[in-house]
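J.: Given the sequences, and given the hints that come with them, work out the whole structure.
Chain residues, written in single-letter form:
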Amino acid sequence: MALRNLKEFCSPANQQQVGAVLDKYGDGALVLAGGTFIRGLEARGLLSEVEALVDIRKLGLDGWSATADGIRIGAATTFASLEQMPDLGSAAWLGALKDALAHPPLQIKNAATVGGCLAAACPFFDLPTAFMALDGTVNTQGAAAPREIGLEQLLVGLFENSLEPRELITELVLPKPSGRSASAFIKLGGTANDLAIINVAVRLTLDANGQCRDARVALGGGVGDSARRSPAAESLLQGQAITDELLQAAAEAVGQDIEPTTDHRASAAYRLAMAKVFTKRALNRALARLN
Amino acid sequence: MKQLVTLEVNGETQEFAVEPDTTLLGVLRDHLGLMGTKRGCDSGGCGCCTVHVDGKAVYSCMTYALSMQDHKVTTIEGIGTDTERDPLQSAFVKEGAVQCGYCSCGMIMTAKQLLANEAKPDEEAIRHGIAGNMCRCTGYHKIVAAIQSVANS
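Line order of the protein sequences matches chains R and U. In this text, residue positions in the first sequence follow numbering that gives the first Met the number 0: the first is 0, and each later residue adds one. In this text, residue positions in the second sequence follow numbering that gives the first Met the number 0: the first is 0, and each later residue adds one.
Hints may be right or wrong, so weigh each one.
To be verified - As a list, the in silico DSS-like pairs of lysine-lysine whose alpha-carbon atoms are at most 30 Å apart: (1) R:Lys57 x U:Lys55; (2) U:Lys1 x U:Lys71; (3) U:Lys55 x U:Lys119; (4) R:Lys23 x R:Lys6; (5) R:Lys6 x U:Lys71; (6) R:Lys23 x U:Lys93; (7) R:Lys57 x U:Lys141; (8) U:Lys141 x U:Lys93.
To be verified - Simulated coverage check for chain R against chain U, where a stretch passes if three residues somewhere in it have a Cβ under 8 Å from a Cβ of chain U: (9) 6-12; (10) 33-40; (11) 52-64; (12) 105-112.
As the list claims (entries may be wrong) - The calculated label-pair distances, taken between Cβ atoms and stated as ranges, are: (13) R:Asp86 x U:Asp53: 24 to 30 Å; (14) U:Cys136 x R:Arg43: 28 to 34 Å; (15) R:Gly209 x U:Gln68: 28 to 34 Å; (16) R:Ala191 x U:Gln68: 45 to 51 Å; (17) R:Ala240 x U:Ser152: 43 to 49 Å; (18) R:Glu251 x U:Asn151: 57 to 63 Å; (19) R:Ala144 x U:Ser152: 55 to 61 Å; (20) U:Cys136 x R:Ser177: 21 to 27 Å; (21) R:Ser177 x U:Glu7: 45 to 51 Å; (22) R:Ser161 x U:Glu11: 43 to 49 Å; (23) R:Ser177 x U:Asp29: 41 to 47 Å; (24) R:Gln152 x U:Ser152: 49 to 55 Å; (25) U:Glu117 x R:Asn290: 26 to 32 Å; (26) U:Arg135 x R:Gly44: 52 to 58 Å.
The hints are simulated quantities; they were obtained by calculation from the structure and are not laboratory data. Glycine included, C-beta positions come from ideal geometry on N, C-alpha and C.
T.: If you want it as structure tokens, here you go:
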């Protein structure tokens with residue numbers, strides 16, 4: 000087993016017990032919920048210093064609630080539970096989330112959680128790209144004070160998040176955009192359940208004249224150390240009338256905001272080319288949802 | 000250092016002393032001798048380790064045994080007997096969906112939840128539903144046919 004320093008598996012029942020375990024083990028504690036990426040981290044040799052696994056699924060952090068302002072999703076909410084949200088099938092603004100949830104296999108959806116997926120800071124995951132295009136923020140506890148962190152500030156590097164020691168994500172908040180909004184997500188993967196070569200999530204808000212009032216373009220997969228937005232694409236779209244030429248220009252512009260990588264799945268050149276193709280397709284998919 | 004966990008597997012409850020990183024797969028095969036659940040990739044992708052936890056299909060190779068306190072585990076051994084097979088087990092045999100058999104138990108456990116979620120999935124939904132289970136022998140055609148035959152019955 001690659002967890003060669005592992006001493007204890009803990010299942011704390013309340014925040015106090017979580018604090019005690021995290022105090023006891025410090026950097027040696029690895030918080031998990033579904034634990035579906037543990038093997039991935041082990042295989043990359045990143046877990047040899049782990050002394051305690053801390054399962055936080057007894058803290059009541061699962062479940063979601065929808066209000067007029069948006070959706071709050073508990074960190075320990077599984078993907079399968081998230082799929083049950085009634086609005087998911089009908090709300091155009093949630094299209095990107097619905098699209099992203101179609102990809103993980105059943106066994107992953109039943110265990111993987113929103114909080115774990117974000118905390119893993121793996122750029123090849125799908126949901127974080129969708130959440131980023133939806134202006135998602137996370138609320139945390141356990142640091143000096145509870146805080147709210149935007150996803151671009153949370154996902155700071157390859158498997159690196161900006162959480163402090165002892166800090167846990169407790170929920171993800173997706174604010175409902177005003178006006179006529181739709182989002183979409185597309186993944187380019189190798190096989191049915193492979194990690195993304197690249198993925199793209201977009202959200203468009205149109206005003207009464209059909210002009211783009213607000214735009215979000217987010218990319219993940221092999222686009223750099225972390226999922227990120229494309230300010231170049233977004234600024235081209237903002238305030239403009241939607242035309243095919245505009246969408247094409249925005250799609251080309253994502254090249255300025257990504258650092259595609261070469262690995263066994265794909266070359267950087269392929270990723271760069273596909274990022275543009277799939278940005279355009281995602282924009283068209285979002286637009287189709289507005290009609 | 001070992002820790003204790005009480006596990007309910009196929010309706011029977013038993014206490015185990017396991018290492019902190021012992022997986023559910025390890026308990027099923029190595030402690031309980033339930034060999035229907037297979038150890039393939041041991042890293043959560045091939046699907047031959049699929050069991051149900053509280054009725055939901057999961058990769059038992061990625062599930063820590065110590066997280067299973069108060070949960071109900073069902074394996075392939077728990078869904079049918081030699082005289083009363085689960086319809087999926089009969090269908091896999093009848094349709095010729097079993098070659099080496101290594102993926103079969105995991106496929107059936109996944110299909111079982113698939114059909115519980117959606118009574119009559121079409122072919123695309125079935126293929127999508129078993130995307131977390133790999134088969135190297137059959138090319139999936141007869142596996143899909145077997146699941147379809149149960150869905151349509």
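J.: Would you mind marking each hint as holding or not holding in the structure?
T.: Evaluated hints:
no. : hint                            : verdict
1   : R:Lys57 x U:Lys55               : holds (18 Å)
2   : U:Lys1 x U:Lys71                : holds (22 Å)
3   : U:Lys55 x U:Lys119              : holds (18 Å)
4   : R:Lys23 x R:Lys6                : holds (12 Å)
5   : R:Lys6 x U:Lys71                : holds (26 Å)
6   : R:Lys23 x U:Lys93               : violated (56 Å)
7   : R:Lys57 x U:Lys141              : violated (41 Å)
8   : U:Lys141 x U:Lys93              : holds (10 Å)
9   : 6-12                            : holds (count 4)
10  : 33-40                           : holds (count 5)
11  : 52-64                           : holds (count 3)
12  : 105-112                         : holds (count 5)
13  : R:Asp86 x U:Asp53: 24 to 30 Å   : holds (25 Å)
14  : U:Cys136 x R:Arg43: 28 to 34 Å  : holds (31 Å)
15  : R:Gly209 x U:Gln68: 28 to 34 Å  : violated (56 Å)
16  : R:Ala191 x U:Gln68: 45 to 51 Å  : violated (33 Å)
17  : R:Ala240 x U:Ser152: 43 to 49 Å : violated (55 Å)
18  : R:Glu251 x U:Asn151: 57 to 63 Å : violated (48 Å)
19  : R:Ala144 x U:Ser152: 55 to 61 Å : holds (59 Å)
20  : U:Cys136 x R:Ser177: 21 to 27 Å : violated (54 Å)
21  : R:Ser177 x U:Glu7: 45 to 51 Å   : holds (49 Å)
22  : R:Ser161 x U:Glu11: 43 to 49 Å  : holds (46 Å)
23  : R:Ser177 x U:Asp29: 41 to 47 Å  : violated (56 Å)
24  : R:Gln152 x U:Ser152: 49 to 55 Å : holds (53 Å)
25  : U:Glu117 x R:Asn290: 26 to 32 Å : holds (29 Å)
26  : U:Arg135 x R:Gly44: 52 to 58 Å  : violated (28 Å)
Consistency note: the structure conflicts with the earlier hints numbered 6, 7, 15, 16, 17, 18, 20, 23 and 26.
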